[in-house]
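Model the full assembly from the supplied sequences, consistent with the hints where possible.
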Amino acid sequence: MRKMIAISIAAGLLIIVADCSQAADRDGGAQLAAMCASCHRLDGGDGGIPTILGMSPEMLTRTMLAYRSHERPSHIMRAIALSLSDEEIATVARYLAALNRQVRP
Amino acid sequence: MKSWTRREFGRSTGAMALAGLGPRLAASESKARVVVVGGGIGGATAAKYLAVSAPTIEITLVEPKPNYTTCFFSNLYLTGLCSLESLTHGYETLAQRHGINVIHDSVAAVDPVAKTVGLKSGPKLPYDRVVVAPGITFNYDAIAGYDEAATQVIPHAWNAGPQTQLLRRQLESMEDGGVFVLVAPPNPFRCPPAPYERASLVAYYFKQHKPRSRILILDAKDSFNAQDLFLDAWERHYRGMIEWLPAQFTGGIKAIDVKERSVETASETFKAAVANVIPPQMAGQFAQQNGLVDQSGWCPIDPITFESKLQPGTHVVGDASSAGDMPKSAFVANSQAKACAFAIAAALTGSERQSPHLFNTCYTFLSPDDAVSNAVSFKPVAGTIKIVDNFGSQVQESAETRHRTAREAQSWYTAFTRDTFGYAAF
Numbered sequence: 531m532r533k534m535i536a537i538s539i540a541a542g543l544l545i546i547v548a549d550c551s552q553a554a555d556r557d558g559g560a561q562l563a564a565m566c567a568s569c570h571r572l573d574g575g576d577g578g579i580p581t582i583l584g585m586s587p588e589m590l591t592r593t594m595l596a597y598r599s600h601e602r603p604s605h606i607m608r609a610i611a612l613s614l615s616d617e618e619i620a621t622v623a624r625y626l627a628a629l630n631r632q633v634r635p
Numbered sequence: 070m071k072s073w074t075r076r077e078f079g080r081s082t083g084a085m086a087l088a089g090l091g092p093r094l095a096a097s098e099s100k101a102r103v104v105v106v107g108g109g110i111g112g113a114t115a116a117k118y119l120a121v122s123a124p125t126i127e128i129t130l131v132e133p134k135p136n137y138t139t140c141f142f143s144n145l146y147l148t149g150l151c152s153l154e155s156l157t158h159g160y161e162t163l164a165q166r167h168g169i170n171v172i173h174d175s176v177a178a179v180d181p182v183a184k185t186v187g188l189k190s191g192p193k194l195p196y197d198r199v200v201v202a203p204g205i206t207f208n209y210d211a212i213a214g215y216d217e218a219a220t221q222v223i224p225h226a227w228n229a230g231p232q233t234q235l236l237r238r239q240l241e242s243m244e245d246g247g248v249f250v251l252v253a254p255p256n257p258f259r260c261p262p263a264p265y266e267r268a269s270l271v272a273y274y275f276k277q278h279k280p281r282s283r284i285l286i287l288d289a290k291d292s293f294n295a296q297d298l299f300l301d302a303w304e305r306h307y308r309g310m311i312e313w314l315p316a317q318f319t320g321g322i323k324a325i326d327v328k329e330r331s332v333e334t335a336s337e338t339f340k341a342a343v344a345n346v347i348p349p350q351m352a353g354q355f356a357q358q359n360g361l362v363d364q365s366g367w368c369p370i371d372p373i374t375f376e377s378k379l380q381p382g383t384h385v386v387g388d389a390s391s392a393g394d395m396p397k398s399a400f401v402a403n404s405q406a407k408a409c410a411f412a413i414a415a416a417l418t419g420s421e422r423q424s425p426h427l428f429n430t431c432y433t434f435l436s437p438d439d440a441v442s443n444a445v446s447f448k449p450v451a452g453t454i455k456i457v458d459n460f461g462s463q464v465q466e467s468a469e470t471r472h473r474t475a476r477e478a479q480s481w482y483t484a485f486t487r488d489t490f491g492y493a494a495f
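Chains A and B supply the protein sequences, listed in that same order.
Going by our numbering, the first residue of the first sequence is number 531, and it counts up by one from there.
Going by our numbering, the first residue of the second sequence is number 70, and it counts up by one from there.
Treat the hints with caution; some may be incorrect.
[Unchecked claim] One-sided excerpt, in silico: chain B residues whose CB lies under 8 Å from chain A: (1) Y118; (2) T418; (3) E421; (4) T430; (5) R476; (6) F485.
Simulated from the structure, these hints should not be mistaken for lab results.
For each residue, glycine too, the CB sits at the ideal point set by N, CA and C.
Printed below as a string of structure tokens:
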């Protein structure tokens, strides 16, 4: 019985920890995505500047790294990509991919 | 929760509408309150991102005007390439979608001890933090003969709206063969490439409609932003049409004769068919009157939170702030406002704040289908803000690249104003 309680407390803790890190990830992602919103419409709309919704986190991450290495040329994206850490790129990529699922046409 | 719309405000008098403040504030007295003073790019962005990142904070935006017309892209309007309506944005979405109390009134004073923002019409709005985004004002003492009254004859056109309309009418009624004299200000001023973009687009307009006309730029400086890109474009597109005279050549701008429509420099007086005087600038009047300004004429701030170094609890974003290497541009105002909003949200709600990412991006038109871009990243260093990276267009770029940048610029305008005034999904 005691063991079961211990296990359930541990499980509860795990859930809390997961919730916290998800919340932090969401807050961090939102703050980083705010930066993207200065140029990219985050409502699915497009124009001379392409939409960044609808890409998988992996694709977004690869694209950002290509801008950072200058493999893809863009003054603006290069400056942005260089200012972000690998972890920040992964965070914002996850956030944007999740945002895409929420945006209604 | 219901928030005011401009339409509802229009139906009632200011005083009646403000009477409605009481119950709403009483009902939510325990909530943290932020008042944002000024609804330009910095103020509108700060209000929106406070609302987005901290739904539990009550946010009030105070702005006298019902709409905001962007100064960026107004050079396109000036030369007939877009309408003023397309550059004008309302506050309805910030109110309706983001639940921000938008009050169209002027602010008399901030009381940093009582922590209230006093409105001209009487009421005092209590706050936990106040964000001030007063933009710029002009130093009319700097050039003899040029004051506020003179702007009705010789516009500065450095705030978009009636001033830009006046300058456009003057350019339209100017006879072919006339000289357009543009007086460019000393640093620092709002939007460093803009006087030279204006010269470029007016030259484009002259080329189409008044090909014998010329442009003379009388500069208070000896060099200017992106000079090599402009000189190259003027040679390619407008050969012989634009003359730039630096301060070292003229000895500097001394006086304006409004009646004669002439500009006197230390060496020579130049007569204009149409004149455009962009005076030296400093932080907006509100900042001057509320103890936010140091001897530089601008507002010193903490580089991470944008809290005033002179008035704790008051944050200053946008053109009025003195933010190290960051230039005075709409993009910078938007970038600073986001960093400031996240810092305030963290302070008031205990949420986590990421380290701020500060940027400037700039699109400049050399002709309608020849545009250049520039991107700079910044970071807080030792109490100020320093440039980290700076990438920009080069003189030798292909016409195709320039054309693509012009298309990108138009797309940027839409995204950026949606971001600022709240109608993006985000």
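Next on the checklist: If you test the structure against every hint from before, which numbers come out violated?
Outcome noted: 2
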